[in-house]
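Position chain B relative to chain A; hints supplied.
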Amino acid sequence: AQSVTQLGSHVSVSEGALVLLRCNYSSSVPPYLFWYVQYPNQGLQLLLKYTSAATLVKGINGFEAEFKKSETSFHLTKPSAHMSDAAEYFCAVMVNRDDKIIFGKGTRLHILP
Amino acid sequence: DTEVTQTPKHLVMGMTNKKSLKCEQHMGHRAMYWYKQKAKKPPELMFVYSYEKLSINESVPSRFSPECPNSSLLNLHLHALQPEDSALYLCASSQEGNTPTGTQYFGPGTRLLVL
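Heads up: the sequence lines are chains A and B, in that order. Using my numbering, the letters of the first sequence map in sequence onto residues 1 to 113. Using my numbering, the letters of the second sequence map in sequence onto residues 114 to 228.
Bound conformation, chain A alone:
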């Protein structure tokens, strides 16, 4: 069965510091992977997606993620955190021939001034 594990339900970083949100997946076939962001009282916004093209994927708002098959990981990074990045981040996997998305439990990112 496919699954996604996000390490750390809460992550705090200082403004200007590196953001690293961890995501590991489990899939018996090559997966399609997504990162979504959810600001308070809003829906989910797609940050970026991996669909078996380039392993380093660039998204919106300066975020990027790298697909590492050997580590079954798809960690999200941003070189310099901004206060506006404070939100809930969800990693998700979609499996070939199945349009159901499986979400991780989410990581709340806190930005410290």
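Hints were generated in silico from the structure; no laboratory data involved. Hints are not guaranteed to be accurate.
Claimed, not checked - Think about it this way: if two alpha-carbon atoms lie no more than 30 Å apart in a straight line, the pair counts; the simulated DSBU-like pairs of lysine-lysine are:
no., chain 1, residue 1, chain 2, residue 2
1, A, Lys-49, A, Lys-69
2, A, Lys-69, B, Lys-132
3, B, Lys-132, A, Lys-100
4, A, Lys-105, B, Lys-166
5, B, Lys-131, B, Lys-154
6, A, Lys-49, B, Lys-131
7, B, Lys-149, B, Lys-131
8, A, Lys-68, B, Lys-154
9, A, Lys-68, A, Lys-100
10, B, Lys-154, B, Lys-132
11, B, Lys-132, A, Lys-49
12, A, Lys-105, B, Lys-153
13, B, Lys-166, A, Lys-69
14, B, Lys-154, A, Lys-100
Unchecked claim - Output of the computed footprint for chain B on chain A, the stretches with three or more beta carbons under 8 Å from beta carbons of chain B:
no., region
15, 73 to 84
16, 100 to 112
We put the CB at the ideal spot given by N, CA and C, even for glycine.
For chain B alone, kept in the frame of chain A given last:
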């Protein structure tokens, strides 16, 4: 344009009421979805309409019933809900439907409170 709209933004209803949530997209997407999201939890899939065929999460109670009047609209009819149904209800759509690369675009959600 990747906009999915949902109305109303907020809804308060009693357990004997009947109400409907509405979702609309004009991106020509052929798949639309309803999710339920409780506080501090990820979204849970309730229903999928893909190329006008309905798929149901078997754990969703019958007091929720989806309707797809056309390919741009998706409704969720609510009847005799329970307080534990209070949540954020999210609609999403995707272009590719039931193909592997379908990216789902989400609406802002309807915040539902059942009293």
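Hints, one by one, checked against the model:
| no. | hint | in the structure |
| --- | --- | --- |
| 1 | A:Lys-49 / A:Lys-69 | 15 Å, holds |
| 2 | A:Lys-69 / B:Lys-132 | 46 Å, violated |
| 3 | B:Lys-132 / A:Lys-100 | 27 Å, holds |
| 4 | A:Lys-105 / B:Lys-166 | 29 Å, holds |
| 5 | B:Lys-131 / B:Lys-154 | 26 Å, holds |
| 6 | A:Lys-49 / B:Lys-131 | 38 Å, violated |
| 7 | B:Lys-149 / B:Lys-131 | 18 Å, holds |
| 8 | A:Lys-68 / B:Lys-154 | 26 Å, holds |
| 9 | A:Lys-68 / A:Lys-100 | 22 Å, holds |
| 10 | B:Lys-154 / B:Lys-132 | 24 Å, holds |
| 11 | B:Lys-132 / A:Lys-49 | 35 Å, violated |
| 12 | A:Lys-105 / B:Lys-153 | 8 Å, holds |
| 13 | B:Lys-166 / A:Lys-69 | 34 Å, violated |
| 14 | B:Lys-154 / A:Lys-100 | 17 Å, holds |
| 15 | 73 to 84 | violated (count 0) |
| 16 | 100 to 112 | holds (count 6) |
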